[in-house]
Amino acid sequence: MKNSSNIFAVRISGIAGEGVKTAGQIVAKAATRAGMHTYNYVEYPSLIRGGRNLITVNISSEPVLASKKTPDLDFDISKISGVHKNIIAVGTILKMLGGDLENVRDLLFDQYDEAKSGFDNAAQTNPILSSRSGLAKILINGNEAAAMGAIAAGLQFASIYPMSPVSGILHFLAEHQREFGYIYKQPEDEIAAVNMSIGASFAGARAMTATSGGGFCLMTEGVGLAGMTETPLVIINGMRGGPATGLPTWSEQGDLNLVLGAGQGDFPRIVLAPGDAKEIFEQTRLAFNLAEKYRTPVIVLIDKNLCDHDQSFDEMANGEWQVESYERKKPGTGEYFISNSYEHNDFGQTTEEISERNLHMQKRWQKLSECAKNDLPTPKIYGPEEATTTIVSWGSTKGAVLEALKELPEVNFLHLNWVSPFPTEAVQKFLGKAKRVINVEQNISGQMGSWITRNTGITIVENILKYDGRPFFPEEIIEKI
Amino acid sequence: MTLEDLNPGCSPTWCPGCGNFGVWAAFKNAVVASGWDNTNSVLVAGIGCHGHMLNFVKMTSFNGLHGRAIPVATGIKLANPKLNTFVFTGDGDCLGEGGNHFIHACRRNHDLTVILHDNALYSLTTGQTSPMSAKGAKTKSTPGGNPDEPFSPLTLAISAGATFVARAFSSDIPKLADLIAKANAHKGFALIDVLQPCATFNKDYTYQFFQENTYPLEMDHDVTNKILALEKSQEWGLKKIPLGIFYQVQKETFVYPEISLGAKERDISGLLKNLY
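In order, the protein sequences belong to chains A and B.
Position 89 of the first sequence, counting from 1, maps to 1421 under the numbering used here, and the rest follow consecutively.
Position 135 of the second sequence, counting from 1, maps to 122 under the numbering used here, and the rest follow consecutively.
In isolation and in its complexed conformation, chain B is listed as follows (with noise of 0.2 Å):
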């Protein structure tokens, strides 16, 4: 698989300077150094302006419904285990309208690779309030401000179960490129929350704002100390913005009855014979 292989024929339809283009960009460059293609690989999204993006890469894909990506990821997983699959959701399709989806994914730590377009923002309805806005950012929806808090879905991750948990911003490239390949090698469910500006919508969370304001964790975090990676999980603000593996340990995955595909006569005599 080489980036040209990947092109579908269609462009990219998001506004001039969207953080989707840095998220796109990174998937492929993985694509093509980890060897993924249609043979082994599947992409699953939900509806928001990340979503569009399966229509920019050529990999076998399904867009489901706003806030389902997950449970859909999840049946293709259980029914074909081979398959590494990746699913893209965004702030409000993941942490708003999937929420429930997404906690109890993390809690049974199925083998997907989730990465979470944050633009702290519902941008493809043209700019309302998600559950990643700050307190107090006006939309369309907040005029006078956001009266709501924002969560933290690294924390919320964590304590929910997933084993792979980090944070990466969409104009790191090769940093983004290489997070989703470990997310990927990782056995267990593994989230990227990745922070991306929209440049039409969100005024305050800007390239600007991120660059200045998110740093690397240090290299001696210890990805294995829970507590430790809960505690910097709810570090926001100033300069304070950590970016990086959070989070990373090996549980044990259940093993489910292997399904051999395709149709097959099912003898079911026994049952039957139970009935008398």
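Looking at chain A on its own, in the form it has when it is part of the complex (with noise of 0.2 Å):
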């Protein structure tokens, strides 16, 4: 394909348990080191042992955003002989390749002397990395973002039951809760997960907790306590195919309605779906803000391909970002309160009266509105000003659009990564003068496509959707329009 011409994509694929995925990542690092852009994409079954893992090593000069589908080099590691084949995989690629087998020495430990044999019997083919192009690049996957974002925000408290594919944030936060003075605790499922969070939050700690489309099923009624008691709490919710145990170990984004309509009654939701590793950094940093300041639940809603793929960016930095304190009750200061499931009044107390009814669920809802006034940026839009066709999509395929609209020069792309509140003006007026929208979405139903509609009377009627698990690849995204 002619848009990703300028992309050098490595397949790595060998039987699950083969180490698959970091032979990928010790070759996408030494790519990195040289300054290069690279993006991992793997595809593994939902087996420990057996079956066939793959990883496609994304390499370019200029910032990768996507996965191309077809590779240009396939490398089978289960051809290869020796204990560490994955090891000796790397040596062999990087040689190939034209790089530097010293520039990841540090992740080799004691298997450098099987990478280097790897890399000794190995000859030049592709000497893409052989000429550096600038400074090393991160690379950063969407759970060490959403975990670093946290940890950033001031995390006190996470409790998360294991699930895919957030597991990563928990093995994150797990291993570095001493050293910065939080606590992680594995609960024994993800309905206990959101009453400690609610628990640890109402004692004023700064709480989260994340999960699959499954395990916040099980947490809705506690996305609805959150906001009737007024609990802040974020929510990471990395969605998986569904529905069920779906397909745990693809991607879909398919958790929106889900998320949109947690818990039952009416109260504030307020939902961000950040587009790539450094959008989920930053959203939720300022979800732990955003859920003190409306004291209200905060979900981020990721998915498979921002959770388990590493991209580069030139840096990352907390920059002028600052943790925001708001003043809330808390147990132990002396002060008479009730944290209630039950309507209440001022001090929490149950009741029924109508007025104090009125009262307070006005109280609630209307934090939705402040926050749409307060908070809500404008969405970004890509591409030129004036298009002959304008894509809206939302969360992880901003990558794969992105690299699509390189070769669509008169395709423009409206990015929602904030769905609730929703920027109803900003949307309706893009959407409302354009000459073509299509609605590109990983789920069958066109769920942003309804809820667009639902806030801005807008009806798209052309769509993009897909639903196998597979990620968008820029190659179709181009085909299709």
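Hints should not be assumed to be uniformly reliable.
What the hints assert, rightly or not - Derived BS3-like pairs: lysine-lysine, alpha-carbon spacing no greater than 27 Å straight-line: (1) Lys1662(A) to Lys69(B); (2) Lys69(B) to Lys1661(A); (3) Lys1411(A) to Lys1448(A); (4) Lys251(B) to Lys1610(A); (5) Lys1699(A) to Lys251(B); (6) Lys1610(A) to Lys260(B); (7) Lys251(B) to Lys1662(A); (8) Lys1625(A) to Lys251(B); (9) Lys251(B) to Lys1661(A); (10) Lys127(B) to Lys69(B); (11) Lys174(B) to Lys1662(A).
Unchecked claim - Which residues of chain B face chain A? A partial, calculated answer using Cβ under 7 Å: (12) Ser21; (13) Asn42; (14) Val44; (15) Ser48; (16) Ile63; (17) Leu70; (18) Asn87; (19) Thr112; (20) Glu252.
As the list claims (entries may be wrong) - With beta-carbon atoms standing in for the labels, derived distance ranges: (21) Pro134(B) to Gly1382(A): 42 to 50 Å; (22) Thr1710(A) to Asp(-8)(B): 52 to 60 Å; (23) Glu205(B) to Gly1382(A): 32 to 40 Å; (24) Glu1717(A) to Asp254(B): 37 to 45 Å; (25) Glu1507(A) to Thr26(B): 48 to 56 Å; (26) Glu205(B) to Gly1349(A): 57 to 65 Å; (27) Glu1652(A) to Gly257(B): 15 to 23 Å.
Bear in mind the hints are in silico, worked out from the structure with no lab data behind them.
Beta carbons: idealized from backbone N, C-alpha and C, even for Gly.
The task is to assemble the complex, starting from two chains supplied on their own in separate frames and drawing on the hints.
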């Protein structure tokens, strides 16, 4: 495909358990340390051993935002003989690409000699790494970005039940808890996860949980509890293919309706949908401030495509951003109050009085419009101002659409990374003047399309929908437009 | 703190003769005697007749969802270990809807005081069978008699790892107050199963039934003997319902990272460096 001609894609495959992902990540590190940009795409069945795993390392001198569909080099590590096939493969591939093995010596530990044997016995075939193109880049996936965003945001308590694709978040948080002085606690189930986090938040901690769709289903009553008791809470939902156990190790944007409607009754649910690891870092940080500011649940909606895929960025920093704190009541301070799941008065005492009910429903509900007024940014538009076609999409499809845009000069792109509150006016204005609008999302029913209609009254008739668990490849988007 | 300080200005809405009055009185007496107040204590309840108690005691509290009091209390205690953390829960709340949380809180031996309002019935929903209802009990959901056996929350708690396991009768207010104080003084997971009549819906477990059929555990009962405690916890029947502390041992408790509450900037430059 023409669009990705400046990207060189190396696909490394092998039997699950052979260390395919590790091999790819080391090759990617060799590339980013040499100043190249990379994007790692992984496929793995829901097994620990057996089946085929693969990782596609996309390398370019320019930012790579999504994986190419067809690799330029296909490398099967199962064909290698030796104890650490994957490490020998790293040496071989780096030699083929004109890379530098010494550059990743720290990642090879006591297996350096094996990598060196692979390196020495191979020949250079595609020397894309031989010309250094700039400063070293960072390499980060969505799970790392979410965990680091939470830590930066002053996380004090996290309770997360293991589930693909977000387990990486809990692994990261568990590892660093003593260093930063927060608690990670593994709960018995997702119901406990959300309730423990709510308890810790009630006690004054900045608290979060994370899960995937199935776990989020169990958490929904807790989402309402946080809303009703006005307890700040951050929930990260890393989507995978549903329904039920679905496609556990594949991706989908199928939980939008679920999170927008999570919990019975009306209460403010703030929903963010970052489009890449950098946005995940920034919006997870933001989620903690919003949760404290509005004392309501904030859901960060990501997916397997983001959680598992490493992407390079020039840099990442905490910058000007600040941890915001807001006064709220806490137990142990001497102040009497009840945090109550029943409707309640100002002290929190249970009440069924009409005036109290109306007052407190309105008080909670208006947080959403306050948030829209104070915090909701204008959504980002990529590409030319005047376009023959406009793509609308959200969350993780950002990368594939932007890659496609490189080959579609007459197409622009509205990327939504705030879902609730919804940027109604901006979207109405932009779509209202667009010539042809195509909704791109990774689910079968066009959930964002319906959400746009509900908020703006605009119906999008053209859709590019995909629900086979595989991400959008830029080639497919170009072809369908 | 005096008894008058604990009065929030609204009176209990329980039925006349409800066993909850005894638990309420015993708890308030324990609060006054032990010096608990809103600077050092917090109450958590689930949903059921028991949960209404939070409205009748002027102490800082969290009234959560049905079955979920224990995980909320766990989060509170982890975030602020200085707080005496009391959980009020019912037999349906704790052993039905919240059974999984109960088992794992016992296993982890979190330092919580759990007061189980056990009336062997779902009473707030007007009288259906609960995990504690006797086999054959006629309730609104078992008009032909309960086909299922109840189980012993004491046996379950001891097996699962709880380190303070006791039973009381709601009408013996001084003894219950004393047990609540002892349970809170215990470092680790403390359960008090409080047998209480539901005057409105439970015609089997009446005041008279409990008065006639309960007895205090022997003075020389060895509370550190797990096998004996398990045996005693399996006793149930006419003249055969023991009350008192069945089991109490000290176990080393895991020390979690201490967190200082409040918003703070974090320097994550070290983490960012690792990404190169």
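Evaluation of the provided hints:
Between the alpha carbons of Lys1662(A) and Lys69(B) the distance comes to roughly 13 Å, so the proposed pair stays at or under 27 Å and holds. Taken as a hint, the Lys69(B) and Lys1661(A) pair is honoured in the structure, with Cα atoms around 17 Å apart against an allowance of 27 Å. Taken as a hint, the Lys1411(A) and Lys1448(A) pair is honoured in the structure, with Cα atoms around 18 Å apart against an allowance of 27 Å. Pair hint Lys251(B) plus Lys1610(A) holds up; C-alpha atoms about 22 Å apart against a cutoff of 27 Å.
Annotation: proposed proximity of Lys1699(A) to Lys251(B) holds, straight-line Cα distance about 25 Å (limit 27 Å). The suggested pairing of Lys1610(A) with Lys260(B) holds, with an alpha-carbon distance near 15 Å, which does not exceed 27 Å. For the suggested pair Lys251(B) and Lys1662(A), the alpha carbons sit about 17 Å apart, so the restraint of at most 27 Å is met. A distance of roughly 15 Å separates the Cα atoms of Lys1625(A) and Lys251(B); the hinted pair therefore holds under the 27 Å criterion.
Among the hinted pairs, Lys251(B) with Lys1661(A) is consistent with the structure: their alpha-carbon atoms are about 18 Å apart, no more than 27 Å. Of the supplied pair hints, the one linking Lys127(B) and Lys69(B) is violated, its CA atoms being roughly 43 Å apart against a limit of 27 Å. Restraint check: the Cα-Cα separation between Lys174(B) and Lys1662(A) comes to about 23 Å, which is no more than 27 Å; the hinted pair holds. About 16 Å separates the beta-carbon of Ser21(B) from the nearest beta-carbon of chain A, more than 7 Å, and the hint is not met.
Annotation: Asn42(B) was flagged as interfacial toward chain A, and the flag holds, the nearest CB pair being 5 Å apart, inside 7 Å. For the restraint placing Val44(B) at the interface with chain A, the shortest Cβ-Cβ distance is roughly 10 Å, beyond the 7 Å limit, so the hint is violated. The restraint placing Ser48(B) at the interface with chain A holds, with a minimum CB-CB distance near 5 Å, inside the 7 Å limit. A hinted interface residue such as Ile63(B) counts as satisfied when its beta carbon comes closer than 7 Å to some beta carbon of chain A; here the least separation is about 4 Å, so the hint holds.
Contact between Leu70(B) and chain A, as hinted, is supported at the beta carbon level, the nearest pair being about 5 Å apart and thus within 7 Å. Of the supplied interface hints, the one on Asn87(B) holds, with its beta-carbon coming within about 5 Å of a beta-carbon of chain A, less than 7 Å. At about 15 Å, the closest approach between the beta carbon of Thr112(B) and any beta carbon in chain A exceeds 7 Å, and the interface hint on this residue is violated. Interface restraint check: Glu252(B) against chain A, minimum CB-CB distance 5 Å, threshold 7 Å, status holds.
Our hint of 42 to 50 Å for Pro134(B) and Gly1382(A) holds, since their Cβ atoms are close to 45 Å apart. At roughly 53 Å, the beta carbons of Thr1710(A) and Asp(-8)(B) sit within the given window of 52 to 60 Å. In this structure the hint that Glu205(B) and Gly1382(A) lie 32 to 40 Å apart at CB is violated, the actual value being about 59 Å. Distance hint check: the CB atoms of Glu1717(A) and Asp254(B) are about 41 Å apart, consistent with the given range 37 to 45 Å.
Taking 48 to 56 Å as the suggested C-beta distance range, the pair Glu1507(A) and Thr26(B) does not conform, at roughly 35 Å. The supplied range of 57 to 65 Å is met by Glu205(B) and Gly1349(A), whose beta-carbon atoms lie about 58 Å from each other. Distance hint check: the CB atoms of Glu1652(A) and Gly257(B) are about 20 Å apart, consistent with the given range 15 to 23 Å.
Consistency with the previously given hints fails for numbers 10, 12, 14, 19, 23 and 25, ordered from lowest to highest.
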